[in-house]
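Protein chains in written order, with the working numbering: chain A, 617 to 1527; chain B, 43 to 212.
It should be emphasised that the hints constitute simulated quantities derived from the structure, not laboratory data.
Keep in mind the model is a prediction, meaning the values are calculated, not measured.
Certain hints may be false.
The calculated label-pair distances, taken between Cβ atoms and stated as ranges, are [stated by the list, open to error]:
1. B:L72 <-> A:R670: 38 to 48 angstroms
2. A:H717 <-> B:N121: 45 to 55 angstroms
3. A:K1505 <-> B:K154: 56 to 66 angstroms
4. A:R1216 <-> B:F120: 31 to 41 angstroms
5. A:E1445 <-> B:Y73: 34 to 44 angstroms
Built from N, CA and C at the ideal position, the CB exists for glycine as well.
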Amino acid sequence: MAKIVIDGVTYEVNPNNNLLQECLSQGLDLPYFCWHPCMGSVGACRQCAVKQYRDEDDKDGMLVMACMTPASDGTIISIEDEGAKSFRSEVIESLMISHPHDCPVCEEGGECHLQDMTQMSGHNYRRYDKKKVTHRNQYLGPFISHEMNRCIACYRCVRYYDNYAGGTDLSVQASHHHVYFGRHEEGTLESEFSGNLVEVCPTGVFTDKVFSEHYSRKWDLQTAPSVCVGCSVGCNTAPGERYGSLRRIVNRYNSEVNGYFLCDRGRFGFDFVNSEERLLEPIQRKQGKAELLTAAQIEVSIQQFSSAETIGIGSPRASNESNFALRCLVGDDNFYAGCSDAEYESLGVILALAADAAFHSPSVREIEQADAVLILGEDVTNIAPRIALALRQSVRNKAKELADENRIPQWQDAAVRELAQHERSPLSILSPAVSRLDDVASERIIDSLPNLIAFGHQIANKISDSAATAVSASSEHDDTLALIAQQLLRAKRPLIIAGNSNGGELIKAAANIAKALQEKNDDAGIDLCLLVPEVNSLGMGMLVDPANKLGAALARLQDGDAKRLIVLENDLYRRATATEVDAALEKAEQILVLDQLPTRTTAKADIVLPATAFSEHEATYINYEGRAQLSFQVNKCQKMAKPSWRWLNAAEHIDDLVQRCCNEAKGFTKLSEVLPADNQFVAGMKVPRQSHRYSGRTAMIANINVHEPKQMVDDESIMSFSMEGVPSQKDSTILASSWAPKWNSNQSISKFQDEVNGELKQGHTGILMFEKSTSVGAYFEPPVNSLTAAEKQLHLAFGFQIFGSDELSARCKPIQARMTDAYVGISPEDAQSRNLVQGDTVTISGTDSNVTVCIRTGIKTGTALLYCGEGSLNPAEFSEFIEIEKCEKQSASLGMRNLILSDLQDEDKSS
Amino acid sequence: MSKEVIASTATKPRKLSAEEIAEIEHEMTLYPDKKAVGLEALKIVQKHQGWVSDESLLGISKYLEIPAADLEGVATFFNLVYRQPVGKNVILFCDSVSCWIMGCENIKAHIKDKLDIDYGETSKDGDFTLIPVPCLGDCDRAPVMMVGPDLHRNLTPEKINTIISDYSSK
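With the rest of the complex left out, here is chain A (with noise of 0.2 angstroms):
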């Protein structure tokens, strides 16, 4: 710790940050640009200039930058000095030159970080009477807006996109007065992070496209705490709805699992709550007929199916209260996993890891602070896009290094990727196909999955000679190999990645390695951070008996050893082959189906209840790492949809069905402890989800009835629809979007960290549920492999998309904007032997699937890579080899323009 001294007062501080991050820390108004918490310094913007004195004797002293200085002990600044204070106020003066006067119609408007420090510098007469400086905009895609002409030239961009998320396609172009951020040319911004730009710009260059289309001011939204359910990272954000329909979704800060950032499906993958496909209306359906159903005889449908010859089938997608109410209507022997039984038997394997003390599941945080890792067969970026974002910064452990051997502070953000330049922590990716990592990789083998199974616990066995070896087809990556396991051993904080999208064995023999590790460190837990594909599998996973696979179900369905079935927000089409399913649901005697949207399962359902979407109720997920968060309700469904645990459980109350869920399922005995205590809120008010400026509400339906209606009454949560209350200015318990006097934008949230990038103060970042046994388990034995492909088999491994494989975000029409159909990624070797050509179809021996040729170089010869688009295909239809079939040419409807791949051949070469 150091002391320095701002303006007479004396604070204690960390002598590794600059000034203005202290500065920050302690409360204290200075206005900057340029920096940003997670990008450290560049001293660009010259906008937090303060007066530093050399010791107390020194009345003159010296304008420094606060953000280029570093806070050690003795130093003595004045933010409040005339001179400093003139200073800043001519830097927001020149920066504002060619700035339009364009709030009022500026999507930024009232959120503008610029705004604020205009305020703050008290620059507020505009004397430069010349011609402004004018730009042309760029068409950037479906996601963000360009307005060249708001840009002060922070260079927080590029430093954002290119530096922070790894973009190639946004570059500052240029000089001087006509500096110009954009792409080289126009076209759609191809990072999958490109939508924090909006939060990053502190102006409106780049703006929310999707939110312009029905647009509100932040201020008149209604916002509340919540969590993305695109996948299982379980990112926090801060939706906002209006009008009834929810608008937009923005960042909600959490130290430990997604700090500053989304990513774009996250952001933009909303929009199927407001679609109109909704189901909104509880039916059933009579000879064809769908006749309306009323709350009575709802609850007596309820009633015939709480029977001991109900079937329940979880999801992965639902809450756990959900899931746990549909568990306590049929009983735990008759509740049955959603998910495909090849997942589910994985996903066992996951959860019985999590008990293992030899193992630590990283948050994604701590991923960042890796410095060796190893991703073994798990396409990250688009299976968890954000721990993608997360890695991307785990390779710069090694600048960080460099930086401290070379005693140059970490924030000087500049100096440290000068001195670095390519030097990295080692990220070492083992998978079927190039991926969008592979830019910053050192390491990578492509390779078929029986073959990356081997190579895993190969690895394994160079570290531990306890760890059982495997034999692989061939042995020319022997010295990959031992040099991925040097780097690990060598490592400080080692991290494995794997996961379940293709299957357990890859789990294994990244648990081998890990196991391996903490033999030879003889540390508490290695980090093992397994992948699940969808934001409840694991709360999923341990409502579920082991035992209750879907399969299972299925079979005592149609056996007639149940009659009935329920279905919680579920598609079963997507989760075990079209025969199985059609089989079950012809012998099911009643069908009960709750969902959202409709689907090929809803279509079957003799009941259907429409369930309310995330915004629309409070619920608690349990992410990859077994983290449980609350996401809170923002908006009343206005039609009849309802929570599914609220159809399945009439009476109870959510916080008590969340403390019986707490006593009776095994695993869940902390999940109380995610739910806002009631004592902490002052006078017994509720916290209002409405700000304080949220205006019209005497208007909003003034083309109805003139008089206010009341407002919306919430009894299940802390929270209110409502402006009442004690709003979230200084406490952070329940905060969904920041606001601090003088702070507008969402740089406000440094008045609510108890240091910058620190904890929220009185916030908490989740409850890791697994309890650690102490026991370590033994080493899988690696796979025995008998099977071996037949002559023109390829070995089939499932690609997937950011935008395409989360059911409900591909629902949405921006995220449609960047799909493409269905495709199988082959080399090009395969493609010549086979006689096609980029873009061909094919027909996949067996089935009746027909899908695009993507002939791609990163790809291993004899293996095919299958992404399934979004509900095209069925990958329970596939076994472990498929044979692909030329056949005649169809009209895809999305094409394949959406793809962003590295390694795709040019179209020249394949004719």
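Starting from the known structure of chain A, fit chain B onto it as the hints suggest.
Showing chain B alone in chain A's frame:
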């Protein structure tokens, strides 16, 4: 909000010529990594082609594996990397203080009359492009200008007439 947008340009890279590649390859031996050769490659291509077209830019980007956006950043940073076609001879005309004191404005007016072009324009016959530069470092012989690689000093309208006829292709 302005609806005006920059029209899409070339999407296909041009295959660099053997001479260009040979010179770029030579530069690559002088730098620690490919990315550092970007500017030299742009200069090499400009030497051979006269300017850097979109196709050429993509060609270099592909050859050196530098993202096109980054290379465009380099190309547009430097005023003397031409991203538009220029005439056979580029006149770099100094309009800085010393030349201004020595009456460069009259000289410029004379060039403008003679070639019917202003700054940034190319004469109709494609022989000359006129570009202002801040200083050519030869202030004691002001006014000065460069035509292609050659420096011309102590300019007078008569000298301009000679220079223009010397460089004209006719």
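Checked against the structure, which of the hints given earlier come out wrong?
2, 4
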